[in-house]
Amino acid sequence: MSAQPGCEERLRQAEAAAADAGARLQAAVLIGVDARASPGLDFAFAALPSSSVAGDFLDIQSLREGSLDLLIGDVMGKGMEAATLGVVLKHAFLRAQARLALRHGAPPRLDELCAEAEASASSHFIARRSIATLAYLRICESEGIYEFVDCGHTGVVHYRAADRCCRLVKGVDMPFGFAESQAFRRYLAPYGPGDALLLFSDGLSECEGSGGEPFGEERIMRYLRARGGESARAIVDGLVRVGSDYACGAFQDDLTLACVRAGEAAAASPPERSGRLRLLLEPGSGRPGERLRAAVAAALAADGGVGEDTAAEIVLACHEALENIQRYALTGGGRCMASWRLRGRVFSLELDYRGPDYDWLSVPEADASDFSPRGYGRAIIDKAMDSAFLCAGFGDEKTLVMARRLA
Amino acid sequence: MSEPFELKEAGGALVFKPLVKTVDQTNADSFLAPMAARAAEGFKLALDLAELRFLNSAGLGAVVMLVRDLKQAGGELRICSPTPTVRALFKMVRLENIAAIDENVDAALAAFGAEASEGG
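The listed protein sequences correspond, in order, to chains A and B. Position 18 (the first sequence) corresponds to 18 in this note's numbering; numbering is contiguous. Position in the second sequence (first residue = 1) + 407 = this note's numbering.
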């Protein structure tokens, strides 16, 4: 006759059973892929659960041809509780997608989608005193842009093949579970052939080396800068290997990575109008804004399909963005590379420069009705553009990215 | 130093016409300076922007300040003949909430005149 296990042993068995159930739940539901790579979009992912299951989740799907949606998230805590809340969240997103797609007849905007999902999921998180960070990335192949919403997650690293530069795009929205609802900020940015976009969990960026120092975002960017030209699979596998080596062979937390790499633009892609301008922002160096305005106005006019008012708004916003950099970041002068593009129905402008950090969002937005003396630049940019954000690369590299989807 | 301009009196109002084509951060503070300096007189002012091809946010701020200062002194500012780009800017910030925008100087002067006769 075998002896009955003691309380401690039974507790250990129960915990092991819960961890096992959580792991099965994670494998079966929380990590999901329902998309195929295309010549224009190659993707790969890795999802490595740690010994005690945490709440990472990942979903990759194609809601229509030529677009790819990636949702990555991390529920606070570990075990069955975190896994269950992960399922709640994924379900909320699926339901929101279906509901909004029925309403609009097209894949929903990411900010709307996140708001709809939060409306049904936040009460569960608040009741369980938990939160979830997440990032939603959508690649729109025909327009050559990506859309992004970041709710307290780690951001997205964008490797630009044209100049082999990396930048980290981070949002400012709060994780799910902080409030019943919030207004989400949707970012739009252009990408080009050969570019790579990487989503990653803090299992990579925060894994600790032998000295206790976290792996960090800069190592991720450095890796991508060196190996960004490889396939999505090679990038993901390489990062897992490098991270594992750094963490002495054992990640302390779940590790989830997803990489999308853009191929050459599809032959059926709409024509593109683009240009670049090197601008010197020195006091007394002429009027760089004038050159930028002329170039952007010419590109918009050449398209023929952009209305006069819309073109005027975009030109104004481009000018204000440049002056904003000059006024707040490059006060002593500097150089700025302006790259604009009109592809499909999306206009985008990127302003690359080297300069100190400044809080783009702290610049107040003025209202003429209040007789504000200044602050109209930010208001103009916000009204003229669907998205405008500042992101950082290596050292003092910065990029101000703006985009507008034309009617 | 102020930028070039034309100034005349017509129908009990002043008509101020900046002659610069571009207002940006290099001249936003100066293009309305002659009128800003006299705003405390509280006159009626038709601001003729027919020559102006581009106005940036700082220049817009100068216009808003002139509207405010004239109003506080009992005067009024009407904007005339904005070019398409400048009109688009005004529309974006809803400038019409604080200052009337007229097609041309004659329309602004007529509106001033109508207001004067209504006021007795």
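Bear in mind the hints are in silico, worked out from the structure with no lab data behind them. Note that the coordinates shown come from a computational prediction; the quantities given were computed from them, not determined experimentally. All C-beta atoms, glycine included, are put in the ideal place defined by N, C-alpha and C. Keep in mind that the hints are not guaranteed to be accurate.
Claimed, not checked - Partial selection, computed: residues in chain B whose CB lies under 7 angstroms from chain A:
#, residue
1, V427
2, Q432
3, N434
4, L467
5, G468
6, V471
7, M472
8, R475
9, Q479
10, P491
11, A495
12, L502
Results of checking the hints against the structure:
1. V427: violated, 12 angstroms
2. Q432: holds, 6 angstroms
3. N434: Violated, about 10 angstroms.
4. L467: Nearest chain A Cβ about 5 angstroms off; hint holds.
5. G468: Because about 5 angstroms separates G468 of chain B from the closest Cβ in chain A, which is inside the 7 angstroms limit, the hint holds.
6. V471: Holds. Min distance 6 angstroms.
7. M472: holds, 5 angstroms
8. R475: holds, 4 angstroms
9. Q479: violated, 9 angstroms
10. P491: holds, 6 angstroms
11. A495: Holds: closest Cβ of chain A sits about 4 angstroms from A495 of chain B, inside 7 angstroms.
12. L502: holds, 5 angstroms
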